[in-house]
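Chains as they are written, first to last, in my numbering: chain A, 4 to 92; chain B, 82 to 194; chain C, 249 to 411.
To be clear, the hints were calculated from the coordinates, so they are not data collected in a lab. It cannot be assumed that every hint is accurate.
[Claimed, not checked] Examples of chain C residues toward chain B, derived with CB under 8 angstroms:
(1) H296
(2) S361
(3) V370
(4) D373
(5) H384
Since the structure is predicted, the reported quantities are computational estimates derived from the model, not experimental observations. We put the CB at the ideal spot given by N, CA and C, even for glycine.
Okay, here's what each chain looks like letter by letter:
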Amino acid sequence: MITTALYITLAMICLAAVLNVFRLARGPDATDRILALDTLYINGIALVILFDLLLGTRLYLEVALLMAVMGFVSTVATAKYLKRGSVIE
Amino acid sequence: MEQLPFIAELIISILLVAGGFFSLVGAFGLVRLPDFYARLHGPTKATTLGVGSVVVASMAYFTLHTGELAITELLVTVFLFMTAPVSANFLAKAAMHRKVSCMEGTRGEPWDQ
Amino acid sequence: MTAERFGLPQPWLTFALFVVWQFLSDGVTGASVVMGLILAIGIPLITHRFWPENPRICRPWALIPLLLVVLYDIVVASVSVTILILSPRQPRSAFVAYPLTLKDPLAITLLASTVSLTPGTVSADVNDEGTLLLIHALDVDDDAELIRSIEQRYEKPLLEIFQ
Chain A
4 MITTALYITL AMICLAAVLN VFRLARGPDA TDRILALDTL YINGIALVIL
54 FDLLLGTRLY LEVALLMAVM GFVSTVATAK YLKRGSVIE
Chain B
82 MEQLPFIAEL IISILLVAGG FFSLVGAFGL VRLPDFYARL HGPTKATTLG
132 VGSVVVASMA YFTLHTGELA ITELLVTVFL FMTAPVSANF LAKAAMHRKV
182 SCMEGTRGEP WDQ
Chain C
249 MTAERFGLPQ PWLTFALFVV WQFLSDGVTG ASVVMGLILA IGIPLITHRF
299 WPENPRICRP WALIPLLLVV LYDIVVASVS VTILILSPRQ PRSAFVAYPL
349 TLKDPLAITL LASTVSLTPG TVSADVNDEG TLLLIHALDV DDDAELIRSI
399 EQRYEKPLLE IFQ
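Just chain A, with the same shape it has in the complex (with noise of 0.2 angstroms):
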């Protein structure tokens, strides 16, 4: 059953992502695509953390992690160089 779910709930994700790289695409303010991104980023977690479940292992949770920190940062960098122009200041 639980194989069943995972199927399920891979296809559901990657509708979402599909989903997702439509806003990215059409934008129209580039605010938009980075929320886009952001999404995504977060939807790609969910997948991996399904795919470790999937093949039985916990070998891929520090990629989790590590796309979680990235992500996040990213957002957070472009988000200020949209507002002041700049990165660091």
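Here the structure of chain A is known, so what remains is to put chains B and C in place on it, guided by the hints.
The following block gives chains B and C in isolation, referenced to the frame of chain A:
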């Protein structure tokens, strides 16, 4: 995969599908909602809650499977819950600075300083 | 004061680092305790110049009921936002300026994060004086009602913790 008790399998499956559902709703909101400020609501909550329940499902699965407490996953959730408001705040500030327009019928004014 | 004399400029940071390291190494073992202690004592010593003064936390245990309320609200309000997103009608959004009673910067940060995490509201900005919090609400009818509920649910417990 080894056999788990039926009730545990059921709970884990429900958590997984609920997580996928919330992520999907967040992404759908990102496409459907009319202006940037409204779209900001989708990912900060729906998606974070989606990943949250997937992570809880993973924790439950590995804890029951190996018999050892699996808590590293919790760190991912805690980190996401801590960072989601901060990135939403930064994005809202950037949008107000760029004078991104609101949809019709929005009460109140965004300010920029 | 006493904690500082033992080489712990930030006792709370030390505690948090130690706990996070135990989580990272997946369970408490001898090695993780030793390594955690080294990191938890070393990192605050190296970085203490970057930190502003310590926040004054008076009742840390009062955080636990607040945390439970916030978790409950996240789940319940997520469902309502889900219904809103899936229904075809247009949301009635609004910018609401929330008057802050809290003074401590950390307390204001916590309140803003809580407001952002609970669905339906995102905190957008704090004015320079730290007296107003600009909140974007996705779907509200009554601004005063929103302000009152935030004050009752989140700001009151935070006031208790920090003052």
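Hints versus structure:
1. Because the smallest distance between the Cβ of H296(C) and any Cβ of chain B comes to about 21 angstroms, over 8 angstroms, the interface hint for this residue is violated.
2. Nearest Cβ of chain B to the Cβ of S361(C): about 4 angstroms, under the 8 angstroms cut. The hint holds.
3. For V370(C), the interface hint holds, since its Cβ comes within 8 angstroms of a Cβ in chain B; the closest pair sits about 5 angstroms apart.
4. The interface hint given for D373(C) holds, since its Cβ lies 6 angstroms from the closest Cβ of chain B, which is under the 8 angstroms cut-off.
5. About 5 angstroms separates the beta-carbon of H384(C) from the nearest beta-carbon of chain B, less than 8 angstroms, and the hint is met.
Of the hints listed earlier, the one the structure fails to meet is number 1.
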